[in-house]
Amino acid sequence: MRTRLRIGYRLLPVLLPLLWSTIGCLSPAVHKNVPAFANAVTLATENTKSAFDAVEQQYEDVQAERIVVNYDKQSFNPKMVRQFLEPEDLQVRLALLDALQQYASTLSDVSGDKQLDQFDDKTRAFGSSLQALTGTPAFQKLVSSSAVDVNIATTAVNALGRWFIERKRQQRLPQLIGEMQEPVRKTAELLQADIGSAPDEHGHGGRGLRDQLWNEHTEAIVQQVAFIDENKDRMDPASKAEAIKKLPQLVRQRFLADQALKQTQATLAKLVDAHSALLEAVNSKTDVQAEFSALISEGQRIKSFYDSLQKKG
Amino acid sequence: MNSTQQDVHDVFGELYQSLTDAYWVASTITDKDRLRGAADAVFDIVTALNQADIKSRTQEYAILKGQVGVVTKKLTALQNDIDSIIHNVSVAANVVQAIGKALDFGGKFFI
Numbered sequence: 001m002r003t004r005l006r007i008g009y010r011l012l013p014v015l016l017p018l019l020w021s022t023i024g025c026l027s028p029a030v031h032k033n034v035p036a037f038a039n040a041v042t043l044a045t046e047n048t049k050s051a052f053d054a055v056e057q058q059y060e061d062v063q064a065e066r067i068v069v070n071y072d073k074q075s076f077n078p079k080m081v082r083q084f085l086e087p088e089d090l091q092v093r094l095a096l097l098d099a100l101q102q103y104a105s106t107l108s109d110v111s112g113d114k115q116l117d118q119f120d121d122k123t124r125a126f127g128s129s130l131q132a133l134t135g136t137p138a139f140q141k142l143v144s145s146s147a148v149d150v151n152i153a154t155t156a157v158n159a160l161g162r163w164f165i166e167r168k169r170q171q172r173l174p175q176l177i178g179e180m181q182e183p184v185r186k187t188a189e190l191l192q193a194d195i196g197s198a199p200d201e202h203g204h205g206g207r208g209l210r211d212q213l214w215n216e217h218t219e220a221i222v223q224q225v226a227f228i229d230e231n232k233d234r235m236d237p238a239s240k241a242e243a244i245k246k247l248p249q250l251v252r253q254r255f256l257a258d259q260a261l262k263q264t265q266a267t268l269a270k271l272v273d274a275h276s277a278l279l280e281a282v283n284s285k286t287d288v289q290a291e292f293s294a295l296i297s298e299g300q301r302i303k304s305f306y307d308s309l310q311k312k313g
Numbered sequence: 001m002n003s004t005q006q007d008v009h010d011v012f013g014e015l016y017q018s019l020t021d022a023y024w025v026a027s028t029i030t031d032k033d034r035l036r037g038a039a040d041a042v043f044d045i046v047t048a049l050n051q052a053d054i055k056s057r058t059q060e061y062a063i064l065k066g067q068v069g070v071v072t073k074k075l076t077a078l079q080n081d082i083d084s085i086i087h088n089v090s091v092a093a094n095v096v097q098a099i100g101k102a103l104d105f106g107g108k109f110f111i
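Chains as they are written, first to last, in our numbering: chain X, 1 to 313; chain H, 1 to 111.
The set of hints was computed from the structure by calculation and includes no laboratory data. Take these hints with a grain of salt, some might be off.
What the hints assert, rightly or not - If the Cβ cut is set under 8 Å, some of the chain H residues that face chain X in the computed set are:
hint, residue
1, I29
2, R34
3, N50
4, D53
5, Y61
6, V71
7, T72
8, G106
To be verified - If we take Cβ atoms under 10 Å as the criterion, some of the chain X residues that face chain H in the derived model are:
hint, residue
9, H31
10, V92
11, T106
12, K122
13, R169
14, H204
15, G206
16, Q253
17, F255
Cβ coordinates follow ideal geometry from the N, Cα and C atoms, glycine included.
Just chain X, with the same shape it has in the complex (with noise of 0.2 Å):
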């Protein structure tokens, strides 16, 4: 019995792995891609809060300067002032890549180690109660053969454990990981056409958020001309200089608030091709040497497992 008990033991790190063999690895590559997805979701969200902002509040500022040049001849209304957009139209925008982080995390939580762990603590739990009950006076009277390795037992409910959980995941996982490609990728083209373009030198081909941005920068310009013209005969010479200066700085920030907005649908490609690498982790066909070196680790892991029964007992 005791060799057959031996001879056992070391066929586990064998036996078990080759269940592994039947199901591969998926959850590793899956889990290994998903904080650059996470990533890609969070600067996503930064960056289109930051250009929805900067356009809301240049079209204040843009509203602030006509009021400013105008006040002899118009005096001021309340209704002169307004918002670009109303806020619940940037709400739903946010609201969606809100829901992305999540499913981010949610995918993170189901391919990494954390429920793995949770099983191997539960199962060792297993093991130390089965241990307790074999040691038992009133166990041992009813049971008439030799105690079972409960060890074995145990590392064999723990390797089968593992391999239903990773075979749900095996099953689910792609599907999911699927379904969700076609929300990325329109996402990121709404976004990306919320952004749209600046408009060329002739005023041809701007549209959303960059030609909006574009025009409030111009207006802006207009406006310290048209102030500066205005007052020029009032203003004392170092007044005036610094009302001149702001001419070239206005039309530097209309570039560079263009060229941010540019680098924000950048990183909406990114966020798409951040999923594609997710999908292409759970599609892509078996490689023999990553799945060998499964194995290998699956049977290394097992025996640990094994090891660490025979310490605490």
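Since the structure of chain X is provided, determine the placement of chain H on it from the hints.
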């Protein structure tokens, strides 16, 4: 923005560009004021076109959010399925402990 909407946008975009170009080179305050007034009005029209364009996509975002929510729910269900496997082992450990206690208790009286 489809091609017709873009064409309309380009007409006003070109007009705004022409008016501001003329403004930079205008020599009298009267001409400048007139050009600035016209440019302000065209800016407001182009702003309205940009607002409408952005608003036109708002509903699509709401629909996408729903779709993302559905997939996330399925992921959570998978997570719960895995949790139930972990829970079953925990229950098994509790059952074994209870058996041990029962045997120990019974042994004092019956064995």
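Against the structure, the hints come out as follows:
Checking H:I29 against chain X: minimum C-beta separation of about 6 Å stays under 8 Å; hint holds. Against a cut-off of 8 Å between C-beta atoms, the interface hint on H:R34 is violated, since the closest Cβ of chain X lies about 12 Å away. Below 8 Å, beta-carbon pairs count as interface contacts, and H:N50 has one with chain X at about 5 Å; its hint therefore holds. Using the Cβ-Cβ criterion of 8 Å, the hint placing H:D53 at the interface with chain X is satisfied: the shortest such distance is roughly 6 Å.
Checking H:Y61 against chain X by beta carbon gives a least distance of about 5 Å; that is within 8 Å, so the hint holds. Annotation: interface hint on H:V71 holds; nearest CB of chain X at approximately 5 Å, less than 8 Å. Proximity of H:T72 to chain X holds as hinted, the smallest CB-CB distance being about 5 Å (cut-off 8 Å). Interface restraint check for H:G106: the shortest CB-CB distance to chain X comes to about 7 Å, inside 8 Å, so the restraint holds.
Hint status for X:H31: violated, given a least beta-carbon distance of 13 Å to chain H, over 10 Å. The interface hint given for X:V92 is met, as the beta carbon of that residue sits about 5 Å from the closest beta carbon of chain H, less than 10 Å. Because the beta carbon of X:T106 sits about 5 Å from the nearest beta carbon in chain H, less than 10 Å, this interface hint is met. A cut of 10 Å between beta carbons decides the hint on X:K122: the least distance to chain H is about 4 Å, and the hint holds.
Among the interface hints, the one on X:R169 holds; its C-beta lies about 7 Å from the nearest C-beta in chain H, closer than the 10 Å criterion. The beta carbon of X:H204 comes within 5 Å of a beta carbon in chain H, closer than 10 Å, and the hint placing it at the interface holds. For X:G206, the interface hint holds, the least distance from its beta-carbon to any beta-carbon of chain H being 5 Å, beneath 10 Å. The closest approach between the C-beta of X:Q253 and any C-beta of chain H is roughly 16 Å, which is over the 10 Å cut-off, so the hint fails.
The beta carbon of X:F255 is not positioned within 10 Å of any beta carbon in chain H (closest approach about 16 Å), and the interface hint is therefore violated.
Of the numbered hints given earlier, the model fails hints 2, 9, 16, 17; all others are met.
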